[in-house]
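> Okay, here's what each chain looks like letter by letter:
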Amino acid sequence: MKRTKEPTYSQDAQKALENHVLQSSLKKLQNRFGKGVMEYWAAKDDDELRDRVKRRRMSTIENLDVVLSLLADNVQKAGGHVYFAKTGSDAVKYCLRVAQKNEVKTVVKGKSMLSAEIGVDKALEQQGVEVVETDLGEFIIQLAGDAPSHIIAPCIHLNRQQIGKLFQEKLGIDYTDDPPELTRAARGALRRKMIDADMGITGCNFACAETGKISLVSNEGNIRMATTMPRIHLALMGIERIAATMQEHQGMLQLLTRGAALQKLSTYVSFVGGPKSEGDPDGPEEFHLVLVDNGRSKILGDPEFREVLACLRCGACLNICPVYGRIGGHAYHSPYPGPIGAVVSPLLFGMNQHADLCKGESLCGACLDICPVKIDLPRMLLALRHKLAYGDAKWQARQHKPSEAFAFKLYRLIISNSMFYRLALRCARLLQKPFMGKSGMIGKMMGPGARWTNDRDLPPLAREPFNRRWKKKHSRNQKRNNEVNHG
Amino acid sequence: MDEKGVFLADIRTALGYTKEETRDMEQCPAVFADVDDSLILDRIQYRTHVEKQALLQILQDNGEQLRLEVHPVSSLDAAAETIVAIIKSTKPEFSTARQIIQHDHPDLIELGLWKRMAGEAVHVHTAYSNDSEVREKSVESFIGITVPRWAVAESATVVQITGPGRPRSTSLLPSVHIALIRLEHVLADLTEVYALLGDEPPKESFVFITGSSKTADIEAHMVHGAHGPRQTHLVVIDELMVQKTTPLKGSGIFASAEI
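Protein sequence lines, in the order shown, are assigned to chains X and H.
Letter by letter, the first sequence follows residues 1048 to 1534 in my numbering.
Letter by letter, the second sequence follows residues 3 to 261 in my numbering.
None of these hints come from the bench; they were simulated from the model.
Check each hint, because a few of them may be wrong.
What the hints assert, rightly or not - Quick list of in silico lysine to any residue cross-link-like pairs, SDA-like style, CA-CA up to 20 Å:
#, chain 1, residue 1, chain 2, residue 2
1, X, 1133, H, 24
2, X, 1311, H, 87
3, H, 205, X, 1101
4, X, 1082, H, 51
5, H, 205, X, 1324
6, X, 1240, H, 192
7, H, 139, X, 1235
8, X, 1152, X, 1240
9, X, 1101, H, 193
10, X, 1124, H, 204
11, X, 1133, H, 19
12, X, 1101, H, 31
13, X, 1133, H, 12
Said to hold, decoys possible - Simulated restraints on C-beta separations:
#, chain 1, residue 1, chain 2, residue 2, range
14, X, 1440, H, 4, 24 to 34 Å
15, H, 56, X, 1094, 22 to 32 Å
16, X, 1239, H, 186, 39 to 49 Å
17, X, 1175, H, 47, 52 to 62 Å
18, H, 96, X, 1350, 51 to 61 Å
19, H, 96, X, 1221, 49 to 59 Å
20, H, 28, X, 1429, 37 to 47 Å
As the list claims (entries may be wrong) - Far from chain H by the CB rule (all over 10 Å, computed), these chain X residues:
#, residue
21, 1058
22, 1060
23, 1090
24, 1153
25, 1163
26, 1325
27, 1372
28, 1409
29, 1442
30, 1445
31, 1450
32, 1478
33, 1496
34, 1515
35, 1518
Built from N, CA and C at the ideal position, the CB exists for glycine as well.
Using the sequences plus the hints, can you model the full thing?
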């Protein structure tokens, strides 16, 4: 994730707040899925499934070396290739090698966040390979030259009119803003691509070690197409996307589809792994599984953050987060937006590069409540803030804002000394006067204070401090009490 | 150490073991321990006909919201009639020719669809494993007919074990997917599927299909037929079913005519 002169978190958040299309879609999405999932959890008699899946997930992750080794053996036994990619660029190089060796001209993709994390699309395109996203939302994003803004609903920031214009321009169809017609246009445009493509690249929802199968979940059928029609299938898999057994897999699958979109099951859950057998007209001649570490073993090694690897990537936390619900996905500058992104992105791509994310979240705890596997994101957001406040050698985190640290030191000095404190208050009361508007509120401050008043007015410091008022009132009461007692 | 060795050594270190300390399944039996599912298998085996019919009813109800139309029939012959009615009422989407592809399964062969469709200018292909043109035929077909291994009442899912003779694309490329199943293969829930799968030898590939292909990517507006079939039918043969006098009427087949 290289970042050049991109707009900042606050700038993108501001932009999102002004985008009415985004605001109304986010609201709709959160009302439907966020609330819906919370109601579903609440209506369940017992929470046993969520706790059980979490427990099994953690114990699998704590034995990841064994589980991954078994998966690799089983995939190889079935005739598939397994590549162990320590970094994202290792994984990209491997994809390029496979594409080159097989003279691949067209790649069709199933939605995969990992592919965005490692930047494989661009690398393939630079080699002259045509890369086509096949998930409808991702396809729209690709046509628009845009970036996805939600884990399962990538184009919620666009409305049907915008998509209609886009299709008119890029697909050469007559303008329509009818979702079924637009979908049909994409269906027609993508069908031939998927049938004729040389290679399919997908992610992996969950692999299962004991069967050597990876499973892929979709509603559209595009992922089934991408794993069925091309002669090569390459699956990118983060090392933590794994179940040891099918039984563990079942629990994960059920929580994934519930958490993501309140479904009992998505339309398609495909289990594949290995090349097709003789006489089978479908399925790839070559199957490659690329296991990507890219910073995950570092997360695994830190007990404070290990829990985040249990994530099912359902996106439920996005559907309830009050911050994501206002600022949308783009401000996160990561393939992983929302509360989960606010924890995972700094851990994967650098705490200082993504320092704003953990500070932007409200710590309200809704993400913990909705998470199918009850990952304590608020706890980890606080841990990240702590590391940024004091610096952390293990995570190569620099102290995020030394000036802020200095200000807090100064503040400590002032509030722990009553003389300094009173003096400071007196100065502040004098200094605030020129900034007070007609309403009696402080509407505009200068310098570093400006950001406090950009979006709201602040109440001024009281003319008389509380302790003085208290004394006055108290002494009056005392006087009255005395009078009553003596009268 | 090879590439895999180095990779796994890093993970071991992260977990607090030494790099050299290679571990295998024996060190973590709990992770691979399967809960005993013999009770589930027994439940499936000893299910009565009445219970199975109840499951079929649940399957039918759940399928409705997912564009999975369930057609209970009493015999292979009645199944053939139902399927013929669906074929007759469906227009091809991607080509002008009316072609059909079906899995190589004795029940489907027994239907004799090619005979029944002889006067209709409909070509019926079977996905024989020695036919090198199955792929092209599947691309051209507007209806795909399969025999799933199981159907699941609770989620309205069909489970297909795919491989030679029963390719994956039959339930994927055509606009309409018709699945034919016998009542004894209707299961209650996903737990039963997982239990049965665990009881069998490993498969090349398999898929759970729940309803028709769909998307809600444009303004959360639900549209059926994103990339896979727009309409899915499940014909269930219950040979002990009391024959209805008018099996086709009101079964909803003709509702799909405009797709």
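> Each hint: holds or not?
Here's how the hints hold up against the structure:
Our distance criterion of 20 Å between C-alpha atoms is met by residue 1133 of chain X and residue 24 of chain H, whose separation comes to about 19 Å. At roughly 31 Å between alpha-carbon atoms, residue 1311 of chain X and residue 87 of chain H are farther apart than 20 Å, so this suggested pair is violated. Restraint check for residue 205 of chain H and residue 1101 of chain X: the C-alpha separation of about 28 Å exceeds 20 Å, so the hint is violated. Only pairs whose Cα atoms come within 20 Å are accepted, and residue 1082 of chain X paired with residue 51 of chain H is rejected, the gap being roughly 40 Å.
The suggested pairing of residue 205 of chain H with residue 1324 of chain X holds, with an alpha-carbon distance near 11 Å, which does not exceed 20 Å. For the hint pairing residue 1240 of chain X with residue 192 of chain H, the CA-to-CA distance comes to about 34 Å; that exceeds 20 Å, so the pair is violated. As the CA atoms of residue 139 of chain H and residue 1235 of chain X are separated by approximately 18 Å, the hinted pair is consistent with the 20 Å bound. This hinted pair checks out: residue 1152 of chain X and residue 1240 of chain X have alpha carbons roughly 11 Å apart, not beyond 20 Å.
A distance of roughly 18 Å separates the Cα atoms of residue 1101 of chain X and residue 193 of chain H; the hinted pair therefore holds under the 20 Å criterion. Taken as a hint, the residue 1124 of chain X and residue 204 of chain H pair is honoured in the structure, with Cα atoms around 11 Å apart against an allowance of 20 Å. Pair hint residue 1133 of chain X plus residue 19 of chain H holds up; C-alpha atoms about 19 Å apart against a cutoff of 20 Å. The hinted pair formed by residue 1101 of chain X and residue 31 of chain H meets the criterion: a straight-line CA distance of about 18 Å does not exceed 20 Å.
With a C-alpha separation of about 9 Å, the suggested pairing of residue 1133 of chain X with residue 12 of chain H holds against the 20 Å cut-off. Here the CB-CB span from residue 1440 of chain X to residue 4 of chain H is close to 32 Å, well matched to the stated 24 to 34 Å. About 28 Å separates the C-beta atoms of residue 56 of chain H and residue 1094 of chain X, a value consistent with the hinted range of 22 to 32 Å. Range check, residue 1239 of chain X to residue 186 of chain H: about 40 Å between beta-carbon atoms, so the 39 to 49 Å window is met.
Range check, residue 1175 of chain X to residue 47 of chain H: Cβ separation about 57 Å, and the 52 to 62 Å hint holds. Between residue 96 of chain H and residue 1350 of chain X the C-beta distance comes to about 55 Å, which sits within the given range of 51 to 61 Å. Distance hint check: the CB atoms of residue 96 of chain H and residue 1221 of chain X are about 20 Å apart, inconsistent with the given range 49 to 59 Å. Look at residue 28 of chain H against residue 1429 of chain X: about 39 Å separates their beta carbons, and that is inside 37 to 47 Å.
Against the 10 Å criterion, residue 1058 of chain X stays outside the reach of chain H, whose nearest CB is about 26 Å from its own CB. With a least beta-carbon separation of about 23 Å from chain H, residue 1060 of chain X lies farther than 10 Å from that chain, consistent with its non-interface assignment. Distance to chain H confirms residue 1090 of chain X as a non-interface residue, since its nearest Cβ pair spans about 16 Å, more than 10 Å. Residue 1153 of chain X, annotated as away from the interface, keeps every beta carbon of chain H farther than 10 Å; the closest lies near 16 Å.
Against chain H, the non-interface label of residue 1163 of chain X holds: every CB pair exceeds 10 Å, the least being about 17 Å. Not every Cβ of chain H is farther than 10 Å from the Cβ of residue 1325 of chain X; the closest lies at roughly 7 Å, contradicting the non-interface assignment. With a minimum CB-CB distance of about 15 Å to chain H, residue 1372 of chain X clears the 10 Å threshold, and the non-interface call stands. For residue 1409 of chain X, the shortest C-beta to C-beta distance to chain H comes to about 25 Å, beyond the 10 Å cut-off, and the non-interface label holds.
Remark: the non-interface label on residue 1442 of chain X is consistent with the geometry, its nearest Cβ contact in chain H lying 14 Å away (cut-off 10 Å). Look at residue 1445 of chain X: its CB is around 23 Å from the nearest CB on chain H, clear of 10 Å, so calling it non-interface holds up. The non-interface label for residue 1450 of chain X is consistent with chain H: the shortest C-beta to C-beta separation is roughly 35 Å, beyond 10 Å. Every beta carbon of chain H lies more than 10 Å from that of residue 1478 of chain X, the smallest distance being close to 50 Å; the non-interface claim holds.
Separation of residue 1496 of chain X from chain H is adequate, the least Cβ-Cβ distance of about 41 Å exceeding the 10 Å criterion. Non-interface call for residue 1515 of chain X relative to chain H: holds, since the shortest CB-CB distance, roughly 57 Å, exceeds 10 Å. With a closest Cβ-Cβ approach of about 59 Å to chain H, residue 1518 of chain X is found to remain outside the 10 Å limit, as its non-interface label requires.
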